[in-house]
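If you're matching them up, the sequences are chains E and R in order. Position one of the first sequence corresponds to residue 59 (our numbering), numbered consecutively onward. Position one of the second sequence corresponds to residue 31 (our numbering), numbered consecutively onward.
One should not assume that every hint holds.
[As the list claims (entries may be wrong)] Residues from chain E that face chain R, not an exhaustive set, calculated with beta carbons under 10 Å: (1) R74; (2) G210; (3) I211.
[As the list claims (entries may be wrong)] Negatives, chain R to chain E, calculated, CB over 10 Å: (4) K98; (5) N104; (6) R108; (7) K144; (8) K146; (9) A182; (10) Q229; (11) L271; (12) E285; (13) V315; (14) A326; (15) G331; (16) S352; (17) D354; (18) S367; (19) K376.
Rather than coming from a laboratory, the hints here were simulated on the basis of the structure. Glycine included, every Cβ here is placed at the ideal spot set by N, Cα and C.
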Amino acid sequence: MFDFSTKPFGFQDKGRTFRAWQIIPSQPDLMISIGKSLITAGIVMSLILFLIVPTAIWVHLKLPLLRRPFELLCLLPLAIPAIVIVVGIAPLYRWISIHLTESPITLSGVYSMLILPYTYRSLSAALDAVDIHTLAEAARTLGANTSRVIFGIIMPTIKTGIVNGSFIAIALVMGEFTISNILNYKTFQVVIAQIGRTNGNVAVAVSLASILFVLVLLLAIPTKKRQGKVLDVDLV
Amino acid sequence: MSSSTYVQLVDLAKHFGKVRALDGLSLDIAQGELVALLGPSGCGKTTALRALAGLQELDRGQLIVDGKDVTFQNANKRGMGMVFQAYSLFPHMTARENVEYGLKLKAHKTAGDKRKARSAELLELVGLSTHANHYPHQLSGGQQQRVALARALAISPKVLLLDEPLSALDAKVRTQLREEIRRIQIELGTTTLFVTHDQEEALSIADRVGVMRNGQLEQIAAPSELYDRPKTSFVAEFVGLTNPISGKVSGGSIEILGSVVKTLPGSVTSGTGIALVRPESIDVVASKSGNAKVAAASFLGASCRLNITMNDGTRITAQLPSLDAAGIGAGASVAVSLLDMPVFVKAAG
Numbered sequence: 059m060f061d062f063s064t065k066p067f068g069f070q071d072k073g074r075t076f077r078a079w080q081i082i083p084s085q086p087d088l089m090i091s092i093g094k095s096l097i098t099a100g101i102v103m104s105l106i107l108f109l110i111v112p113t114a115i116w117v118h119l120k121l122p123l124l125r126r127p128f129e130l131l132c133l134l135p136l137a138i139p140a141i142v143i144v145v146g147i148a149p150l151y152r153w154i155s156i157h158l159t160e161s162p163i164t165l166s167g168v169y170s171m172l173i174l175p176y177t178y179r180s181l182s183a184a185l186d187a188v189d190i191h192t193l194a195e196a197a198r199t200l201g202a203n204t205s206r207v208i209f210g211i212i213m214p215t216i217k218t219g220i221v222n223g224s225f226i227a228i229a230l231v232m233g234e235f236t237i238s239n240i241l242n243y244k245t246f247q248v249v250i251a252q253i254g255r256t257n258g259n260v261a262v263a264v265s266l267a268s269i270l271f272v273l274v275l276l277l278a279i280p281t282k283k284r285q286g287k288v289l290d291v292d293l294v
Numbered sequence: 031m032s033s034s035t036y037v038q039l040v041d042l043a044k045h046f047g048k049v050r051a052l053d054g055l056s057l058d059i060a061q062g063e064l065v066a067l068l069g070p071s072g073c074g075k076t077t078a079l080r081a082l083a084g085l086q087e088l089d090r091g092q093l094i095v096d097g098k099d100v101t102f103q104n105a106n107k108r109g110m111g112m113v114f115q116a117y118s119l120f121p122h123m124t125a126r127e128n129v130e131y132g133l134k135l136k137a138h139k140t141a142g143d144k145r146k147a148r149s150a151e152l153l154e155l156v157g158l159s160t161h162a163n164h165y166p167h168q169l170s171g172g173q174q175q176r177v178a179l180a181r182a183l184a185i186s187p188k189v190l191l192l193d194e195p196l197s198a199l200d201a202k203v204r205t206q207l208r209e210e211i212r213r214i215q216i217e218l219g220t221t222t223l224f225v226t227h228d229q230e231e232a233l234s235i236a237d238r239v240g241v242m243r244n245g246q247l248e249q250i251a252a253p254s255e256l257y258d259r260p261k262t263s264f265v266a267e268f269v270g271l272t273n274p275i276s277g278k279v280s281g282g283s284i285e286i287l288g289s290v291v292k293t294l295p296g297s298v299t300s301g302t303g304i305a306l307v308r309p310e311s312i313d314v315v316a317s318k319s320g321n322a323k324v325a326a327a328s329f330l331g332a333s334c335r336l337n338i339t340m341n342d343g344t345r346i347t348a349q350l351p352s353l354d355a356a357g358i359g360a361g362a363s364v365a366v367s368l369l370d371m372p373v374f375v376k377a378a379g
């Protein structure tokens, strides 16, 4: 991709050129779409933190019988093709764009549904790795109410799972094309596709930049770090 | 209810499907007392403790603490300190932060300076003041349970509830820690309910031990009374070792191994019965014309355990001080008699 993005534009150019990279900022639609896609990703992340995570914790703690149905429900977006989802939600989004707003930020609703399979798996694995029941009971006996148990004890304990799920969600939101294109929203990927029709080199450069962005994001996921060595294990 | 009763469990009942975890359990605990609930798995001891903590709803019954009915009070408002069997320290907090956690909450809100002083005092009490800034994964199992104890005590609990806190630890650490728990409990005078399946643990640190079976209390008494004067065959057999020896019962006595010994209240009163004789109630003396032979001898340090086969084929186990057992080895001919200690006699068959 780097090779394509640095190839000469026309006959007058020779050798390698970074013109495709240099004119990225001068693409007005592109910069706006990046901003809006990032806002959408932010909204999706907030929904993960304040809706999906507490719900997953609640199901694990209080409704163990609902775990399987909840998991199946969360996996559904993976089984349903994107085009089917679009057909299903198109009337809703048509109504939204006529009566409310045409901003692509409204896509955060459908994206929150799309990211469920990835986010829930990540959260579920983190929740299974620790004895959250005992932690919750210990906190309750010390005087913590339910929201303090969820936000103050369980969420910090499964921090890595939440961060993993959130970053995967951002990557998905930044890379989604099918739904936004069919619904006619100018998201980051849709604008890249449009640029690609007029200037292939710039489109490749932007795509490479977006891949690098997601890669940096994934590398930033904290691995389980131990804050120090195990000390004095022979002591009581 | 006696004047010093601080905690009352009245007629507690709880079913899990068809299993009766608690079946009319009643128990009184005096202020500052350490009561241990002992029993086999599934006897309901943990359910009783969790009910008192507010972590288990009851089908029936009443819980009274310090004169107040707490049966329907939420766990976070009961003011109970609890140490769990599983390691329960909050992994994202240091030892000090764990201890301070309860004091930051509304129920036990304490100002910053006082909170710090309290956590330092408790970590000192459990011998971990140098580990205050360590995270749980930097602490050994024993250290984690000590911090959990400090955390439970930090909120000055009405009752300290210990749910088999030592069972995940190795033998040496377990013995050391249980002695420390007792020391701290006496020092602070905290009313404590301790649940365990380890009889040695219960007998060694409790003021009173309650033996549970099928959701009911079989007997509650001081450790020595429970051991020496069991009221039921279950208690006699569950607490300590016993030799089942059959003999004839009459007039409050039983004739076994050539001796006549008194029977305990609750025993069979006539006919043939099976006496449950403690190994240390059996006296063994080396004698060439004895009535038994030693099949095997096990040296246990301060004492020695002898597996003995009587001339009539009965097999018994005796335990005597190692000094008295000197020279008595496998194959030795011995004279066996009973010390004059009352025994519990259950019905034969």
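Status of each hint after checking the structure:
The beta carbon of R74(E) is not positioned within 10 Å of any beta carbon in chain R (closest approach about 49 Å), and the interface hint is therefore violated. Hint status for G210(E): holds, given a least beta-carbon distance of 9 Å to chain R, under 10 Å. Checking I211(E) against chain R by beta carbon gives a least distance of about 6 Å; that is within 10 Å, so the hint holds. With 10 Å as the threshold on Cβ separation, the claim that K98(R) sits away from chain E holds: the shortest Cβ distance comes to roughly 17 Å.
In this structure N104(R) is not separated from chain E by more than 10 Å, as the shortest Cβ-Cβ distance comes to only about 8 Å. The beta carbon of R108(R) sits about 8 Å from the closest Cβ of chain E, which is not more than 10 Å, so the claim that it is off the interface is violated. Separation of K144(R) from chain E is adequate, the least Cβ-Cβ distance of about 16 Å exceeding the 10 Å criterion. At roughly 17 Å from the closest C-beta of chain E, the C-beta of K146(R) stays outside 10 Å, upholding its exclusion from the interface.
With a cut of 10 Å on Cβ distances, A182(R) falls inside the contact zone with chain E, its closest approach being about 8 Å. Against chain E, the non-interface label of Q229(R) holds: every CB pair exceeds 10 Å, the least being about 22 Å. With a closest Cβ-Cβ approach of about 29 Å to chain E, L271(R) is found to remain outside the 10 Å limit, as its non-interface label requires. Distance check for E285(R) against chain E: the nearest CB is about 50 Å away, which clears 10 Å, and the non-interface claim stands.
Against the 10 Å criterion, V315(R) stays outside the reach of chain E, whose nearest CB is about 42 Å from its own CB. Against chain E, the non-interface label of A326(R) holds: every CB pair exceeds 10 Å, the least being about 35 Å. Remark: the non-interface label on G331(R) is consistent with the geometry, its nearest Cβ contact in chain E lying 22 Å away (cut-off 10 Å). Separation of S352(R) from chain E is adequate, the least Cβ-Cβ distance of about 28 Å exceeding the 10 Å criterion.
At the 10 Å boundary, the C-beta of D354(R) stays outside the reach of chain E, the nearest C-beta of that chain being 34 Å off. Every CB of chain E is more than 10 Å from the CB of S367(R) (nearest about 43 Å), matching its label as outside the interface. With a least beta-carbon separation of about 40 Å from chain E, K376(R) lies farther than 10 Å from that chain, consistent with its non-interface assignment.
This entry does not satisfy hints 1, 5, 6 and 9, going by the numbered hints stated previously.
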